[in-house]
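*Asks:* Chains as they are written, first to last, in numbering that gives the first Met the number 0: chain V, 0 to 96; chain P, 0 to 96; chain C, 0 to 96; chain U, 0 to 96; chain B, 0 to 96; chain E, 0 to 96; chain Z, 0 to 96; chain S, 0 to 96; chain L, 0 to 96; chain D, 0 to 96.
Treat the hints with caution; some may be incorrect.
Stated by the list, open to error - For lysine-lysine, the following DSSO-like pairs were computed, each having C-alpha atoms within a straight-line distance of at most 30 angstroms:
{"id": "1", "chain 1": "C", "residue 1": "Lys-77", "chain 2": "U", "residue 2": "Lys-27"}
{"id": "2", "chain 1": "P", "residue 1": "Lys-77", "chain 2": "D", "residue 2": "Lys-19"}
{"id": "3", "chain 1": "P", "residue 1": "Lys-77", "chain 2": "C", "residue 2": "Lys-85"}
{"id": "4", "chain 1": "C", "residue 1": "Lys-77", "chain 2": "U", "residue 2": "Lys-19"}
{"id": "5", "chain 1": "C", "residue 1": "Lys-85", "chain 2": "P", "residue 2": "Lys-27"}
{"id": "6", "chain 1": "Z", "residue 1": "Lys-27", "chain 2": "S", "residue 2": "Lys-77"}
{"id": "7", "chain 1": "D", "residue 1": "Lys-19", "chain 2": "V", "residue 2": "Lys-77"}
{"id": "8", "chain 1": "Z", "residue 1": "Lys-27", "chain 2": "L", "residue 2": "Lys-77"}
{"id": "9", "chain 1": "C", "residue 1": "Lys-85", "chain 2": "U", "residue 2": "Lys-40"}
{"id": "10", "chain 1": "E", "residue 1": "Lys-40", "chain 2": "S", "residue 2": "Lys-85"}
{"id": "11", "chain 1": "U", "residue 1": "Lys-85", "chain 2": "B", "residue 2": "Lys-27"}
{"id": "12", "chain 1": "E", "residue 1": "Lys-77", "chain 2": "V", "residue 2": "Lys-77"}
{"id": "13", "chain 1": "C", "residue 1": "Lys-27", "chain 2": "V", "residue 2": "Lys-85"}
{"id": "14", "chain 1": "S", "residue 1": "Lys-40", "chain 2": "E", "residue 2": "Lys-77"}
{"id": "15", "chain 1": "Z", "residue 1": "Lys-40", "chain 2": "L", "residue 2": "Lys-19"}
{"id": "16", "chain 1": "U", "residue 1": "Lys-85", "chain 2": "B", "residue 2": "Lys-85"}
{"id": "17", "chain 1": "B", "residue 1": "Lys-77", "chain 2": "Z", "residue 2": "Lys-19"}
{"id": "18", "chain 1": "P", "residue 1": "Lys-77", "chain 2": "C", "residue 2": "Lys-19"}
{"id": "19", "chain 1": "B", "residue 1": "Lys-85", "chain 2": "C", "residue 2": "Lys-19"}
{"id": "20", "chain 1": "P", "residue 1": "Lys-85", "chain 2": "V", "residue 2": "Lys-40"}
{"id": "21", "chain 1": "E", "residue 1": "Lys-19", "chain 2": "B", "residue 2": "Lys-85"}
{"id": "22", "chain 1": "D", "residue 1": "Lys-19", "chain 2": "L", "residue 2": "Lys-40"}
{"id": "23", "chain 1": "E", "residue 1": "Lys-77", "chain 2": "E", "residue 2": "Lys-19"}
{"id": "24", "chain 1": "B", "residue 1": "Lys-77", "chain 2": "L", "residue 2": "Lys-19"}
{"id": "25", "chain 1": "E", "residue 1": "Lys-27", "chain 2": "Z", "residue 2": "Lys-40"}
{"id": "26", "chain 1": "E", "residue 1": "Lys-85", "chain 2": "B", "residue 2": "Lys-40"}
{"id": "27", "chain 1": "S", "residue 1": "Lys-85", "chain 2": "E", "residue 2": "Lys-77"}
{"id": "28", "chain 1": "L", "residue 1": "Lys-77", "chain 2": "S", "residue 2": "Lys-85"}
{"id": "29", "chain 1": "S", "residue 1": "Lys-27", "chain 2": "U", "residue 2": "Lys-77"}
{"id": "30", "chain 1": "E", "residue 1": "Lys-77", "chain 2": "B", "residue 2": "Lys-85"}
{"id": "31", "chain 1": "P", "residue 1": "Lys-19", "chain 2": "C", "residue 2": "Lys-77"}
{"id": "32", "chain 1": "B", "residue 1": "Lys-19", "chain 2": "E", "residue 2": "Lys-85"}
{"id": "33", "chain 1": "L", "residue 1": "Lys-19", "chain 2": "P", "residue 2": "Lys-77"}
Stated by the list, open to error - Listed next, the stretches of chain E that the computed footprint assigns to chain Z, with coverage defined by at least 3 CB atoms under 8 angstroms from CB atoms of chain Z:
{"id": "34", "segment": "9–22"}
{"id": "35", "segment": "60–67"}
{"id": "36", "segment": "71–85"}
Quick caveat, the hints were computed from the structure, so don't treat them as lab data. Just so we're clear, the structure is a prediction, and the values are computed from it rather than from any experiment. Yeah, the Cβ is synthetic: ideal placement off N, Cα and C, and Gly gets one too.
Protein chains: 10
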Amino acid sequence: MLFLARMDATLPPDLDPEVKADYLARQKTYCVELQERGVMKAIWRVVGENANYSIFDLDDHDELHRALQGLPLFAFLKVMVTPLAKHPDALDYYLKG
Amino acid sequence: MLFLARMDATLPPDLDPEVKADYLARQKTYCVELQERGVMKAIWRVVGENANYSIFDLDDHDELHRALQGLPLFAFLKVMVTPLAKHPDALDYYLKG
Amino acid sequence: MLFLARMDATLPPDLDPEVKADYLARQKTYCVELQERGVMKAIWRVVGENANYSIFDLDDHDELHRALQGLPLFAFLKVMVTPLAKHPDALDYYLKG
Amino acid sequence: MLFLARMDATLPPDLDPEVKADYLARQKTYCVELQERGVMKAIWRVVGENANYSIFDLDDHDELHRALQGLPLFAFLKVMVTPLAKHPDALDYYLKG
Amino acid sequence: MLFLARMDATLPPDLDPEVKADYLARQKTYCVELQERGVMKAIWRVVGENANYSIFDLDDHDELHRALQGLPLFAFLKVMVTPLAKHPDALDYYLKG
Amino acid sequence: MLFLARMDATLPPDLDPEVKADYLARQKTYCVELQERGVMKAIWRVVGENANYSIFDLDDHDELHRALQGLPLFAFLKVMVTPLAKHPDALDYYLKG
Amino acid sequence: MLFLARMDATLPPDLDPEVKADYLARQKTYCVELQERGVMKAIWRVVGENANYSIFDLDDHDELHRALQGLPLFAFLKVMVTPLAKHPDALDYYLKG
Amino acid sequence: MLFLARMDATLPPDLDPEVKADYLARQKTYCVELQERGVMKAIWRVVGENANYSIFDLDDHDELHRALQGLPLFAFLKVMVTPLAKHPDALDYYLKG
Amino acid sequence: MLFLARMDATLPPDLDPEVKADYLARQKTYCVELQERGVMKAIWRVVGENANYSIFDLDDHDELHRALQGLPLFAFLKVMVTPLAKHPDALDYYLKG
Amino acid sequence: MLFLARMDATLPPDLDPEVKADYLARQKTYCVELQERGVMKAIWRVVGENANYSIFDLDDHDELHRALQGLPLFAFLKVMVTPLAKHPDALDYYLKG
């Protein structure tokens, strides 16, 4: 089952550069793992914004919440989740590269 | 280059059922063609709403506008386009099934 | 899996009273059936508004969309769906009478 | 009488982990007690957000406000309360598990 | 128990003047009766708008919804209800002339 | 002449408890005085929110602004004022207990 | 006492040109009269919009509402009124040509 | 040429009283000078809010921006500017006392 | 002096195709003329929307309003005008091809 | 391909003046370079606001995001990007001085 998530990050402008780099590295590791597990099907940068749209594929709301809450940057994120269904005009529910 | 589009359709509730069916059939044909040409990478129904999120892949704003304006239901749609860039945490820019 | 839905109905004020009564009767039959099947766990009127909040329990977005789209008043409804997860402070995921 | 409440929590990202854990523990104890007393009929996590929807059953606005104001995290919460009435299509005013 | 209601009326500009006059007369009779029964404690015009703020005093959400739904202009109204509690700085919960 | 005011208070969560208690005590004294002078006809708590709706009766905008600006918590308040007129359906302009 | 009003007009695009011209002529006559009586101190067009900002000077909310409700275009207007007080930095409460 | 400006000030609640008094004094001097030069035709307090509406008369956007940016409180202000044109129903473009 | 305008067009979906074509042709002629006179410096389509952003260069609000009000589609447009000043980081106030 | 960007800057009011001057100088150098490279076609100040509208010309979303993210003030900016297409009424896609 797919979900579209939009995440807007607000990091304090005076965050220590090393702390920030560490956060970003852990966030990347975590997102890569979600993609390798097939949980996160895609993630894109919103042009010009410290934000992303991403596609999650999970069969359970509790697992989805855990996946999102586990994001190392979660405390700095505003997340908005939209449940997606198959569209009658879609060739495929899943995504194509 | 990818774009996320959200389309909200507002058809008049008293639309003649045959006219409506014709619109929907032509819309489907058109969307299938966009998908077959690789212009529309995905389209999903927003659960509970007469709306979709879709992913477009085109290198030119004029072509994207033409693709959208050509939708048979265009006069009934509110379309909102968000340009997407590669995310530093993404394994791939493109989508995976 | 639970979803909270808010539905706002906008019926044309000059709707023929018999047509309206027929819509409302079919809507009631349909909602009662959803409740008897355990798909709709609850439905409440928002005080003073032609709107409801309801709780749906389904394991699939496509089925949820079908359930909502099947509402006889669907063409007159603005529906907003929020996916719900278990709360760490909840004694129970399900509702108690 | 039922009320739907939505609560959005905004804890400072740099909150001391022990202080935070203490807040969360006290909040849990308090919510469990509200549920055991039958005042809070349900509480769900909004997927991906530090927020909940909950159902309160009380016959008095002053008691409801006291119940909400007593939440250990109240100073960090944005609460929005919607009064609910019986819906003509509902099999039952109360909730079913 | 008190509730603040804001009602915004949108009558079609081309409504037949006699029909409109009849609506307004029935609305007035109804509101006067609500006031005489002590259900509507006050009603004020929002200056410059076809809107009112009013104060309702009822112990039950179902009765409040019935009172509002019974308004002859209900089909043309957008109603928003806010539950009110006693304020710690108030000399009196009730209103004073 | 009546005005409806909505005030939303945002006190810093880490405000010293004694300082806060002092603010609240002075705010209460001030509000009681406004009520005794007949300037503030009513004040109610918005259930679940650190907010109030209140009714002011003054014949002059400058006096109303002074009354509001004099609130000990003014620096922490977002105030929104709505001018009220007599409603054609009202039995009385003034409020009834 | 001064009030700032913003009025947004929405005339049906298919309004009969003569009917429209008659409305506009009566609206002008009425506004000129309000200005000559000193009730409307100023009226300006919002550039590019079918809207105006105007300044009213009246000591009573009921009179202000009557003045606004008497506008021949009232049924087509969305009016928003803001009460104004003397500003501590103003040389004068009143306006200067 | 006239412009309507709305300015909302947000001063930190813990601003040192002397620093604040100094800001306010310089702001007043500056506003008085703008009025004496005929650049600011009027300034009013929005009742109950730390905000003003003011009328500027300048023939050049760069000069208007300089006038606004020169406000001693500019760093604490949210300013919104609306260009105004002569209204067909106005007796006069300029303001009358 | 430059102004940014955003125009959103809402034509009735059932507009007669010939009437619509005539409107569009007259709108084009008018816009071309504004560009040839140097009044409209640029006009762009918002991708996917029946909307444009355009740049106007005029020294007078009354002339700007006349230019906008003269648009053949004006009755179907929502126009929002933003006054622009020279930016300190701009090489040039004017636009470069 | 053109994009319209609106950027709203929020610098902390207590930013050290030298640090601020350094930020502004580096921002200017960077913007001038973008203009000299033909990437930024125009930048204008929104009158009265610490904001700009600017026009970007780039054929790739990743390059656009890099250009924006490279702004020395990026951490203090809220950026909103709108993709632009050729308008059927435009004499030219590009801008004219």
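*Asks:* Would you mind marking each hint as holding or not holding in the structure?
*Replies:* Status of the hints after comparison with the structure:
1. Of the supplied pair hints, the one linking C:Lys-77 and U:Lys-27 is violated, its CA atoms being roughly 35 angstroms apart against a limit of 30 angstroms.
2. Restraint check for P:Lys-77 and D:Lys-19: the C-alpha separation of about 42 angstroms exceeds 30 angstroms, so the hint is violated.
3. Of the supplied pair hints, the one linking P:Lys-77 and C:Lys-85 is violated, its CA atoms being roughly 35 angstroms apart against a limit of 30 angstroms.
4. Taken as a hint, the C:Lys-77 and U:Lys-19 pair is broken in the structure, with Cα atoms around 39 angstroms apart against an allowance of 30 angstroms.
5. For a cut-off of 30 angstroms, the pair hint linking C:Lys-85 to P:Lys-27 is broken: about 38 angstroms separates their Cα positions.
6. Of the pairs offered as hints, the one joining Z:Lys-27 and S:Lys-77 is violated, with about 35 angstroms between alpha carbons and a cut-off of 30 angstroms exceeded.
7. A C-alpha spacing of about 28 angstroms is found between D:Lys-19 and V:Lys-77, which places the hinted pair at or below 30 angstroms, so the restraint holds.
8. The suggested pairing of Z:Lys-27 with L:Lys-77 holds, with an alpha-carbon distance near 23 angstroms, which does not exceed 30 angstroms.
9. Restraint check for C:Lys-85 and U:Lys-40: the C-alpha separation of about 14 angstroms stays at or below 30 angstroms, so the hint holds.
10. For the proposed pair E:Lys-40 and S:Lys-85, the alpha carbon gap of about 42 angstroms is over 30 angstroms, so the pair is violated.
11. Among the hinted pairs, U:Lys-85 with B:Lys-27 is consistent with the structure: their alpha-carbon atoms are about 27 angstroms apart, no more than 30 angstroms.
12. A threshold of 30 angstroms between alpha carbons decides the hint, and for E:Lys-77 with V:Lys-77 the separation of about 24 angstroms falls inside it, so the pair holds.
13. Proposed proximity of C:Lys-27 and V:Lys-85 is supported: the alpha carbons are some 27 angstroms apart, at most 30 angstroms.
14. At roughly 27 angstroms between alpha-carbon atoms, S:Lys-40 and E:Lys-77 fall within 30 angstroms of each other, so this suggested pair holds.
15. About 41 angstroms separates the Cα atoms of Z:Lys-40 and L:Lys-19, which puts this hinted pair outside 30 angstroms; it is violated.
16. A C-alpha spacing of about 25 angstroms is found between U:Lys-85 and B:Lys-85, which places the hinted pair at or below 30 angstroms, so the restraint holds.
17. Restraint check for B:Lys-77 and Z:Lys-19: the C-alpha separation of about 28 angstroms stays at or below 30 angstroms, so the hint holds.
18. For the proposed pair P:Lys-77 and C:Lys-19, the alpha carbon gap of about 28 angstroms is at most 30 angstroms, so the pair holds.
19. Taken as a hint, the B:Lys-85 and C:Lys-19 pair is broken in the structure, with Cα atoms around 41 angstroms apart against an allowance of 30 angstroms.
20. For the suggested pair P:Lys-85 and V:Lys-40, the alpha carbons sit about 14 angstroms apart, so the restraint of at most 30 angstroms is met.
21. Simply put, E:Lys-19 and B:Lys-85 have alpha-carbon atoms about 20 angstroms apart, close enough for the 30 angstroms limit, and the pair holds.
22. Pair hint D:Lys-19 plus L:Lys-40 does not hold up; C-alpha atoms about 34 angstroms apart against a cutoff of 30 angstroms.
23. For the hint pairing E:Lys-77 with E:Lys-19, the CA-to-CA distance comes to about 18 angstroms; that is within 30 angstroms, so the pair holds.
24. Of the pairs offered as hints, the one joining B:Lys-77 and L:Lys-19 is violated, with about 34 angstroms between alpha carbons and a cut-off of 30 angstroms exceeded.
25. A C-alpha spacing of about 39 angstroms is found between E:Lys-27 and Z:Lys-40, which places the hinted pair above 30 angstroms, so the restraint is violated.
26. Restraint check for E:Lys-85 and B:Lys-40: the C-alpha separation of about 14 angstroms stays at or below 30 angstroms, so the hint holds.
27. Of the pairs offered as hints, the one joining S:Lys-85 and E:Lys-77 is violated, with about 34 angstroms between alpha carbons and a cut-off of 30 angstroms exceeded.
28. Simply put, L:Lys-77 and S:Lys-85 have alpha-carbon atoms about 19 angstroms apart, close enough for the 30 angstroms limit, and the pair holds.
29. The straight-line distance between the Cα atoms of S:Lys-27 and U:Lys-77 is roughly 37 angstroms, outside the 30 angstroms bound, and the hint therefore fails.
30. At most 30 angstroms may separate the alpha-carbon atoms for a hinted pair to count; E:Lys-77 and B:Lys-85 meet this at roughly 20 angstroms.
31. Pair hint P:Lys-19 plus C:Lys-77 holds up; C-alpha atoms about 19 angstroms apart against a cutoff of 30 angstroms.
32. A threshold of 30 angstroms between alpha carbons decides the hint, and for B:Lys-19 with E:Lys-85 the separation of about 20 angstroms falls inside it, so the pair holds.
33. Among the hinted pairs, L:Lys-19 with P:Lys-77 is consistent with the structure: their alpha-carbon atoms are about 19 angstroms apart, no more than 30 angstroms.
34. Counting residues of the segment 9–22 of chain E whose beta carbon lies closer than 8 angstroms to any beta carbon of chain Z gives 0, which falls short of the minimum of three for the stated coverage.
35. Counting residues of the segment 60–67 of chain E whose CB lies closer than 8 angstroms to any CB of chain Z gives 4, so the stated coverage by that chain holds, three being the minimum.
36. Chain Z is given as covering the segment 71–85 of chain E, and this holds because 5 residues of the stretch bring a CB closer than 8 angstroms to a CB of that chain, at least three being needed.
Hint violations for this structure: numbers 1, 2, 3, 4, 5, 6, 10, 15, 19, 22, 24, 25, 27, 29 and 34, all remaining hints satisfied.
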